[in-house]
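A.B. asks: What follows is each chain in one-letter form.
There are 2 protein chains.
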Amino acid sequence: MPEFFNVLPPQEALALLLDLLPERPATGAGVVETVDALGRVVAAEIPATESLPAFPRSTMDGYSVRAADTYGASDGLPAWFTLVGEVPMGCAPDVSLEVGEAVVAYTGGMLAGNADAVVMVEHTQAIDAHTIEVMRPVAPGENVAQPGEDVGADEMVLPAGHVIRPQDVGALLALGIEQIKVSARPRVGILSMGDEVVHPGATPGPGQVRDINTYTVAGQVAAAGGTAVPLGLVGDDYEEQLVAARQGLAQSDMLVLSAGSSVSARDRTVDIVAELGEPGPLVHGLALRPGKPAIVGLCDGKPVIGLPGNPVSAMVVSSLLLRPTVYRLMGCVHPPPPVERAAILAQDIPSAAGREDYVPVRLVGGRNGMVKAHPVWGKSGFIFTLVRADGLVRVPADAGGIYAGESVQVREL
Amino acid sequence: MPEFFNVLPPQEALALLLDLLPERPATGAGVVETVDALGRVVAAEIPATESLPAFPRSTMDGYSVRAADTYGASDGLPAWFTLVGEVPMGCAPDVSLEVGEAVVAYTGGMLAGNADAVVMVEHTQAIDAHTIEVMRPVAPGENVAQPGEDVGADEMVLPAGHVIRPQDVGALLALGIEQIKVSARPRVGILSMGDEVVHPGATPGPGQVRDINTYTVAGQVAAAGGTAVPLGLVGDDYEEQLVAARQGLAQSDMLVLSAGSSVSARDRTVDIVAELGEPGPLVHGLALRPGKPAIVGLCDGKPVIGLPGNPVSAMVVSSLLLRPTVYRLMGCVHPPPPVERAAILAQDIPSAAGREDYVPVRLVGGRNGMVKAHPVWGKSGFIFTLVRADGLVRVPADAGGIYAGESVQVREL
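Respectively, the protein sequence lines represent chains A and B.
Going by my numbering, the first residue of the first sequence is number 197, and it counts up by one from there.
Going by my numbering, the first residue of the second sequence is number 197, and it counts up by one from there.
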């Protein structure tokens, strides 16, 4: 039986691939409505088109004044002001201040003409309908947001490669930017291989199992912002696999081949990757458990990942390799890191040094108390170990395991 | 000017609301394709309909044997076996074992008739085309996954209230469950109020600003699995606000009123919440910064949240209150916790005791090195403080601040 050569740590394998991909989006770009842009990747730097705030804006409810008129004011010796109006929300002032005059100001509203500061209402006292006492001095600009202080018209709003969050949508719309250019979603073809695999809608005969990997990987592709392109099933015939993989790659920006990546006689995925384009396989075998029999390749500019058929291994490898690759295809060099939660390990996890282990754990514990991570043991490839788990604990390659009681980060798939 | 009464910690305010909501989905349920169910909430417990594996399955590449025939085998004294065939993937065996016979077995494949264990290929040596040496004994069941060992036909696959992840999709399809019943997405009406607020497509006049909160909140609603229903803009006229809020609530499962929740004269949102239904406002004012002037209410069974108009406060309150409420409306009592990342605080954060502070921070640091959280300072309500930030650091109510160098969790909005 052939051996794995050049077994690499997953991060090194990933780096080998990403270093060969362009930093710019490989998949083109398109214009979308800003309100529909959540999770999309900015294709080209977006400049601010105007300043925010657009006008000097009160940050408090109170009175706009000339700061000089408040100097020396104190509880014992308040300054008296004559109220000469208000500036309603959404309106320009229709009044300008003379010495000793004040105008009602609302949070977010404009100041009176000549005003350069706002006195908080809490530092004033109404004497009658037209007079207030001010108990504290304000400096010029106090309680006022200046034009451009939030963002300047010459500033960058969002860099290329940025993944749009709710606050980014808000900021873009605050500037009136209703459409933006985003990277196209990479099309990720997924081909599931193996004589034993049948469609989920079929009733498996003896020795047959339903296809899972197409759909778990599709979920991970979608979560990373790509478009999954299920390519169907193909048996273990090499020529049929090659034809299906070629056709799949032609219509995709990236290809995932599920199963057939181990080293047994029937598994010739690495040969397929070699035939699909140059340079072909970059890595065959990861220092990883589960997920050792994985393939990382690049075929004429398109990433090709070979996943173990084992559904647990497939999800772990996909989580480590596919997600950052999908982001990179959109021009996102620093994708959002995977979701992790801190916990205390509840049981020892033994591990062999020299490879990274990912162990499914279930989180138990109160919201305020410390969360404990209980390993979910199960035979290799049981999808329900992942269903019963809340995430994975990584045992680093240089550790012989992790002891109960240690702090761990639990990573979502 | 009126005062805030009963200022509550955000978690207590949320609990007051959630305790009044039913644990079952409040919004009905519908059937979706399992492949489209990512992020949806299971409406009713899903039982397994069959066992997995469906047949005794080899977990290794090797040979299926009768375990008894391997007893005593060792490197020095291997057991000899006659190879009498193979069980191809996806096939039932067409051969049954006699004493001293072995059959080629593949990972995931069936065993020969009479076989009760699998010898790993690594523990064998081929002598000729029909003979192998076995160097280690196997126990009955070794390297074999038994029927029902992954999941039994009588087990629960997923409980009601569970949020569907990629591995859940895989597990359901492995059982041939192609459709499931999920809670309907709650419709969350969002009404933005204030004379100064204009549509993002408009050019603001003096003193006017574009509506942000409708869209930032809509993003948060969508992220939690709800359907945002933008209800448009209404000025500061109380009667118009009341009419718009009534109409909005009638067509929604939950209502968000943006702005008008402070205590200045023009802010009468709490009165609106009182008029919308019973019991009306539950909480007016949170021990929270930013976000103190928030309202939590329940009107004839529908949650109503009043958000501060300040876009930063609105997002913080929405993140704390709206997200878990949306999940609860789908019958999800334990929603996925917010995404948090561990970091080391780079600068002191001062804070007043007695309220929770959420301070925007930017994360800086290597993937392997320790990530540092740098506070992003800025005047209240600057949306770009959130754009420049990667998340929020929470300063607990009982702390007077956090010192540089301390470990913090940085929460995404």
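Since the hints were made in silico from the structure, they are not lab data.
Some clues are possibly wrong.
With the C-beta cut set under 7 Å, the calculated list includes, among others, these residues of chain A facing chain B [unchecked claim]:
#1 P343
#2 V365
#3 E374
#4 G403
#5 V572
#6 W573
#7 L582
#8 Y599
Note that the coordinates shown come from a computational prediction; the quantities given were computed from them, not determined experimentally.
Backbone N, C-alpha and C fix where the C-beta goes; we use that ideal spot for every residue, glycine too.
A.B. asks: Hint by hint, note whether the structure agrees.
C.D. replies: Now the hints, each set against the structure:
1. P343: violated, 12 Å
2. V365: holds, 5 Å
3. E374: holds, 6 Å
4. G403: Result: holds, 4 Å to nearest chain B Cβ.
5. V572: Where the cut-off is 7 Å and the nearest Cβ of chain B is about 12 Å from A/V572, the hint is violated.
6. W573: violated, 12 Å
7. L582: Hint holds; A/L582 Cβ to chain B Cβ min 4 Å, cut 7 Å.
8. Y599: Violated, about 20 Å.
The structure is inconsistent with the numbered hints 1, 5, 6, 8, although it conforms to all the rest.
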